[in-house]
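> The lines below spell out each chain.
2 protein chains.
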Amino acid sequence: MINVAVLGYGTVGSGVVEVIGRNQEQIVRNTGEEVYVKYILDLRDFPGDPYEDRVVHDFNLILEDTSVSVVCETMGGVGAAYQFTKQALAAGKSVCTSNKELVARHGTELLALAAGKHCNYMFEASVGGGIPILRTIQTSLTAERIVAVTGILNGTTNYILSRMETEKADYHEVLKQAQELGYAERNPEADVEGHDACRKTAILAAMATGKTVDCDMIHTEGITGITLADFEFASEKNRTIKLLASVKVQEDGKLLAMVAPFLLPMGHPLATVGDVFNAVLITGNMLGDTLYYGRGAGKLPTASAVAADVIDCARNQGRTVMGCWSEEKAQMADTSETESRFYVRTDASAAEAVEKAFCGKYDPEVSEGTLIGGEYGFFTPVMREKDFNDICRKLGDAVSGRIRLM
Amino acid sequence: MINVAVLGYGTVGSGVVEVIGRNQEQIVRNTGEEVYVKYILDLRDFPGDPYEDRVVHDFNLILEDTSVSVVCETMGGVGAAYQFTKQALAAGKSVCTSNKELVARHGTELLALAAGKHCNYMFEASVGGGIPILRTIQTSLTAERIVAVTGILNGTTNYILSRMETEKADYHEVLKQAQELGYAERNPEADVEGHDACRKTAILAAMATGKTVDCDMIHTEGITGITLADFEFASEKNRTIKLLASVKVQEDGKLLAMVAPFLLPMGHPLATVGDVFNAVLITGNMLGDTLYYGRGAGKLPTASAVAADVIDCARNQGRTVMGCWSEEKAQMADTSETESRFYVRTDASAAEAVEKAFCGKYDPEVSEGTLIGGEYGFFTPVMREKDFNDICRKLGDAVSGRIRLM
Chain A
94 MINVAVLGYG TVGSGVVEVI GRNQEQIVRN TGEEVYVKYI LDLRDFPGDP
144 YEDRVVHDFN LILEDTSVSV VCETMGGVGA AYQFTKQALA AGKSVCTSNK
194 ELVARHGTEL LALAAGKHCN YMFEASVGGG IPILRTIQTS LTAERIVAVT
244 GILNGTTNYI LSRMETEKAD YHEVLKQAQE LGYAERNPEA DVEGHDACRK
294 TAILAAMATG KTVDCDMIHT EGITGITLAD FEFASEKNRT IKLLASVKVQ
344 EDGKLLAMVA PFLLPMGHPL ATVGDVFNAV LITGNMLGDT LYYGRGAGKL
394 PTASAVAADV IDCARNQGRT VMGCWSEEKA QMADTSETES RFYVRTDASA
444 AEAVEKAFCG KYDPEVSEGT LIGGEYGFFT PVMREKDFND ICRKLGDAVS
494 GRIRLM
Chain B
94 MINVAVLGYG TVGSGVVEVI GRNQEQIVRN TGEEVYVKYI LDLRDFPGDP
144 YEDRVVHDFN LILEDTSVSV VCETMGGVGA AYQFTKQALA AGKSVCTSNK
194 ELVARHGTEL LALAAGKHCN YMFEASVGGG IPILRTIQTS LTAERIVAVT
244 GILNGTTNYI LSRMETEKAD YHEVLKQAQE LGYAERNPEA DVEGHDACRK
294 TAILAAMATG KTVDCDMIHT EGITGITLAD FEFASEKNRT IKLLASVKVQ
344 EDGKLLAMVA PFLLPMGHPL ATVGDVFNAV LITGNMLGDT LYYGRGAGKL
394 PTASAVAADV IDCARNQGRT VMGCWSEEKA QMADTSETES RFYVRTDASA
444 AEAVEKAFCG KYDPEVSEGT LIGGEYGFFT PVMREKDFND ICRKLGDAVS
494 GRIRLM
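Line by line, the protein sequences give chains A and B.
Under this note's numbering, the first residue of the first sequence carries the number 94, and numbering increases by one thereafter.
Under this note's numbering, the first residue of the second sequence carries the number 94, and numbering increases by one thereafter.
For reference, chain A alone in the conformation it holds in the complex (with noise of 0.2 angstroms):
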């Protein structure tokens, strides 16, 4: 029998519980012997739970447990959660989580002291929820040299531009019904401006590499500026607009990684990608293309994800097998110096010297000019972030949208 301890009895955390409870079959099938949820640590209490005797307060208790061999963090957060996580790890406990926060910014050291005690630190559920992608890129891209790796990986800002795009609303608008049904939280923040996205690409990006990568060293950009005169124009051109996860590893070994808002075709694999949902596409050298799809949050999706490490760390007692990726820092290439076409967004009045400042002499073939209302939306020629940004600083609020073409 393997003993779990589940930290924190919030959503992901009763989840977790709820699935080696109702899937023990499969579980027991899938692990060779059963899986039992020994404590469930929160400062409350849950009377009439099913689970309420399992319910303690003291970590400690968990920690000195030695039949406890696996330790579910569902706290999330930087604090308490850091310092458990090394406790279990330092105990030879393997410590399983969805807190991608954590992951990004301690991973490696985790990663590490799992690897000195001979456990493991697993953490599927951090990056697309449900989908199973990292332990994909561990075990079975494993002959195989990553060359890119693009995503949707944020369920509350692929909504809300789904939505926009759908229901022709305004952001604002869509952010307060997401609020709403629960899709974005009472603060967004972390998500709209990206930071959510950020994290789980620094951890997409070390696993493709095997190196550490800060996420802040990758350049992020949210969707707050997006207006639904950018949809119009991208409907017109048929395309689409998501926020994408892009990291290439570039001929030099340097790594190019962002999270922004990019113009696809609607014929790109993501474009199709919607609402709530997550999809990562995996380019190899050998593979060309993969996609994988599906629920990126919800409680049953992600605690499924956790659950599957925790079996994972039950078939491998003593045993370290999630490598995932070393101390050495993945070098990381100057965005400015990348080239992009770009789509610009400007008031009508502006449009015709907006257009020659990025353009130089007129050419519709290149720009592609249209008229959305007062606005006039045009696609620049390939050029280098760094010449795009000076001209809009010369430009100043002349500028009022842009966003990349993929």
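Calculated directly from the structure, the hints in this document are not laboratory data.
Incorrect hints may appear among the rest.
A pair holds if it fits inside one copy or across any two, identical chains being indistinguishable in the list.
[Unchecked claim] Straight-line C-alpha distance at most 30 angstroms; calculated DSS-like pairs for lysine-lysine:
1) Lys261 / Lys330
2) Lys449 / Lys479
3) Lys269 / Lys454
4) Lys392 / Lys347
Position chain B against the provided structure of chain A, taking the given hints into account.
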């Protein structure tokens, strides 16, 4: 160092050697040691080939070399491939293969043999080519009760159907094209009659249930009866036609498995999977739907999947990791007792009688009957397969086409 022998230096075999050669750096990182192709078994010689010196003609050389721990069976067929696989496993050497015919026919025996010798029989490449689907079921969807698997598993037929749809070309014309491009065999029967998809379905169904699934028990239909009129009707109803593998685990635990063309709505996740691509949609009781998409065939994608198996074997020497399924046979549901809706095509002159036979009184809300050239297509109500077949039998030649609705 892991010494590997490759049996059969054809398309996939030479691909495996190429992948191991070109991605040695990634492979060493993921394996922890070098993977070296020590032997290539083939009846032919390959003068001038960079691996010329590894080519041998006698399997016993490989069998008796105790330094060889992994064998890649990329010969195909169920004759010598079966004998060599048994001998290799009996000698404690792990075997990795893309040979779906052998896995579907003798997988249960070979898995048990491997388990008895503490080695592995792995066959990721046998289903979905480069898409990592079997290991995902085996190691990531472990906390799920898989309730359904739906997939496009044959690239040749998907190519033919896609081209019929987009080019409005008829079946025989597109088949000829596919043969010229090398996407279809000179004798296309195994693909177009659904036999190839059926073998893959048996493997997927066995993985999903943990039990043996006999491919002869899977109801299988091909695509040879599909006409342009069917696509015309489908398009009018905002649907498309795909050859699907459909596996459902019923509430009573019985397995409903089928390979057949289906009319599916354009919004279905598999509707936009075009050309030679494959995709598999797995429905779990906690996760909901997850989708896996990529190249279902081709030298390097298939070889990459075989090489990933080699790496997994190397990481797990002396330890059977892929239990996959037991000798217990899955209980199959009786297809004729299940319920479906069907699309039926008939000659316009027989339309009224045929529609009446299936639909009883005329109800355009249900039948959505439509003239397509000199023919007539309509939808039946939901009915038992048995009843549907009885009516078809009575009507004889008057029913010129029939496809299930998804």
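> Within a copy, between copies, both or neither: where do lysine 261 and lysine 330 come within 30 angstroms Cα-Cα?
both (17 angstroms within a copy, 26 angstroms between copies)
> From the Cα coordinates, with 30 angstroms as the cut-off, is the pair lysine 269 and lysine 454 best called within, between, both, or neither?
neither (43 angstroms within a copy, 49 angstroms between copies)
> Given a CA cutoff of 30 angstroms, do lysine 449 and lysine 479 count as a within-copy pair, a between-copy pair, both, or neither?
Intra 18 angstroms, inter 70 angstroms, cutoff 30 angstroms: intra-copy only.
> Treating 30 angstroms as the Cα threshold, decide for lysine 392 and lysine 347: within, between, both or neither.
between (37 angstroms within a copy, 29 angstroms between copies)
Going down the numbered hints, you'll see the structure goes against just number 3.
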